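Q: Everything in the sequence shown is counted per UniProt numbering, starting at 1 for the first residue and increasing by one.
Some hints could be false.
[Stated by the list, open to error] Below 25 angstroms or equal to it, Euclidean Cα-Cα: the simulated PhoX-like pairs (lysine-lysine) are:
{"id": "1", "residue 1": "K176", "residue 2": "K51"}
{"id": "2", "residue 1": "K128", "residue 2": "K164"}
{"id": "3", "residue 1": "K221", "residue 2": "K161"}
{"id": "4", "residue 1": "K107", "residue 2": "K68"}
{"id": "5", "residue 1": "K164", "residue 2": "K221"}
{"id": "6", "residue 1": "K123", "residue 2": "K229"}
{"id": "7", "residue 1": "K128", "residue 2": "K229"}
{"id": "8", "residue 1": "K128", "residue 2": "K189"}
{"id": "9", "residue 1": "K176", "residue 2": "K128"}
{"id": "10", "residue 1": "K80", "residue 2": "K107"}
{"id": "11", "residue 1": "K80", "residue 2": "K123"}
{"id": "12", "residue 1": "K68", "residue 2": "K123"}
{"id": "13", "residue 1": "K176", "residue 2": "K123"}
{"id": "14", "residue 1": "K68", "residue 2": "K51"}
{"id": "15", "residue 1": "K164", "residue 2": "K229"}
{"id": "16", "residue 1": "K80", "residue 2": "K68"}
{"id": "17", "residue 1": "K128", "residue 2": "K150"}
Derived from the structure by calculation, the hints contain no laboratory data.
For clarity, every value in this text was computed on a predicted model and none was experimentally measured.
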Amino acid sequence: MFFSTEASSVTVTEVRLVSQRPYVIEGEPAVLTCHYILDPAEVVTEVEWEKDDVLVYLWTLDEPPEAKDVLKGHVDLSVKSPSTLTINDVTMHMQGSYTCRVRTNGKMAQNELFLMIIVDACKESAWKTYTDMISCTETVNMHCIGIFPKPSPACGVYADKPGKYLNSVPFDSVNKLANGTFEVSFNRKFVIQDWVNYTDISFRCYMMFLGTPWRSGIVHKMFGDAGCKDAPPHVKHGYYNMTEERSCWGYPSEGTRVEYHCEDGYQLLGSALYTCADGYWTTEGVIVEGDYEVPICQSLNHETDKSPTFFNPNLALILFLIAWTLYE
Numbered sequence: 001m002f003f004s005t006e007a008s009s010v011t012v013t014e015v016r017l018v019s020q021r022p023y024v025i026e027g028e029p030a031v032l033t034c035h036y037i038l039d040p041a042e043v044v045t046e047v048e049w050e051k052d053d054v055l056v057y058l059w060t061l062d063e064p065p066e067a068k069d070v071l072k073g074h075v076d077l078s079v080k081s082p083s084t085l086t087i088n089d090v091t092m093h094m095q096g097s098y099t100c101r102v103r104t105n106g107k108m109a110q111n112e113l114f115l116m117i118i119v120d121a122c123k124e125s126a127w128k129t130y131t132d133m134i135s136c137t138e139t140v141n142m143h144c145i146g147i148f149p150k151p152s153p154a155c156g157v158y159a160d161k162p163g164k165y166l167n168s169v170p171f172d173s174v175n176k177l178a179n180g181t182f183e184v185s186f187n188r189k190f191v192i193q194d195w196v197n198y199t200d201i202s203f204r205c206y207m208m209f210l211g212t213p214w215r216s217g218i219v220h221k222m223f224g225d226a227g228c229k230d231a232p233p234h235v236k237h238g239y240y241n242m243t244e245e246r247s248c249w250g251y252p253s254e255g256t257r258v259e260y261h262c263e264d265g266y267q268l269l270g271s272a273l274y275t276c277a278d279g280y281w282t283t284e285g286v287i288v289e290g291d292y293e294v295p296i297c298q299s300l301n302h303e304t305d306k307s308p309t310f311f312n313p314n315l316a317l318i319l320f321l322i323a324w325t326l327y328e
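Model the full assembly from the supplied sequences, consistent with the hints where possible.
A: As structure tokens, then:
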């Protein structure tokens, strides 16, 4: 937005935060630049920086720069450029609209920028999760004090395979404290009965500040892995024993073991042990005999002492030559 109180040649084209992000984290430095265009005969005599209409920095020709009010003691005064304001360490109280006003030879122009300051007080330790695999419940708690500005929630149960939220869950409370920061709390309990149709879900909760890409939060896998949905390979004339671990969806859980046996009169070919891993039954241990995708129970009574009838072309050729010689 451009402002001018009188006809002038100087033009402030832009006020910019020198950063790849549209915000600054409290405690970090910030550099604001004021971009202007002058006529060849013009000379900058004064640059004023105001925050929310209060003078906070003044650059004057032939005079040392001066920081005031909320910026006092926080500005690098060794920077002599009239177009640059360097803040050594920002605080939340520095958030606001900054106006750069440039004066030249009795003429003036100005432009402004809103500077957003974020106090990232909600660390990963603010989140507590607990998975009860006996009752198949999930508990998620969060308590954060001192975040700024007021955050917006983006929370819910997320289906990982289709990649979409199944519901939306708000914060329990967002309260403004006396120092201007916010206290946020969240407490939820989830039960498997509400999610039996989804075997790959997570709870995702982010704090966001509207108008910025900043976000902070957690991704928590819910109710563990689904396990092996398919039954172990079927073996004719055989059976298997399975350990009793079950996932919250009632399938054999990850790590469940299966041991194959054959009926009397049959021997096992292939691996006797299978384990549920990553949702599939995989072989475990040493292959007993051969290399089989699934175990086989082979009969011990199949006939092995009868020689099969076969045709040997070499023997036939020899007999033919002998017969031909005798005939000659």
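Q: Each hint: holds or not?
A: Verification of the hints:
Proximity of K176 to K51 is assessed by CA-CA distance (about 23 angstroms); at most 25 angstroms being required, the pair is judged to hold. Taken as a hint, the K128 and K164 pair is honoured in the structure, with Cα atoms around 23 angstroms apart against an allowance of 25 angstroms. A threshold of 25 angstroms between alpha carbons decides the hint, and for K221 with K161 the separation of about 13 angstroms falls inside it, so the pair holds. A threshold of 25 angstroms between alpha carbons decides the hint, and for K107 with K68 the separation of about 24 angstroms falls inside it, so the pair holds.
Only pairs whose Cα atoms come within 25 angstroms are accepted, and K164 paired with K221 is accepted, the gap being roughly 14 angstroms. Between the alpha carbons of K123 and K229 the distance comes to roughly 37 angstroms, so the proposed pair goes past 25 angstroms and is violated. The straight-line distance between the Cα atoms of K128 and K229 is roughly 30 angstroms, outside the 25 angstroms bound, and the hint therefore fails. Restraint check: the Cα-Cα separation between K128 and K189 comes to about 12 angstroms, which is no more than 25 angstroms; the hinted pair holds.
Simply put, K176 and K128 have alpha-carbon atoms about 23 angstroms apart, close enough for the 25 angstroms limit, and the pair holds. The suggested pairing of K80 with K107 holds, with an alpha-carbon distance near 22 angstroms, which does not exceed 25 angstroms. Note on K80 and K123: the hinted pairing is violated, with a Cα-Cα distance of about 38 angstroms set against a maximum of 25 angstroms. Taken as a hint, the K68 and K123 pair is broken in the structure, with Cα atoms around 33 angstroms apart against an allowance of 25 angstroms.
Restraint check for K176 and K123: satisfied, since their Cα atoms lie roughly 18 angstroms apart, inside the 25 angstroms limit. For a cut-off of 25 angstroms, the pair hint linking K68 to K51 stands: about 10 angstroms separates their Cα positions. Restraint check for K164 and K229: satisfied, since their Cα atoms lie roughly 22 angstroms apart, inside the 25 angstroms limit. Annotation: proposed proximity of K80 to K68 holds, straight-line Cα distance about 16 angstroms (limit 25 angstroms).
Our distance criterion of 25 angstroms between C-alpha atoms is met by K128 and K150, whose separation comes to about 21 angstroms.
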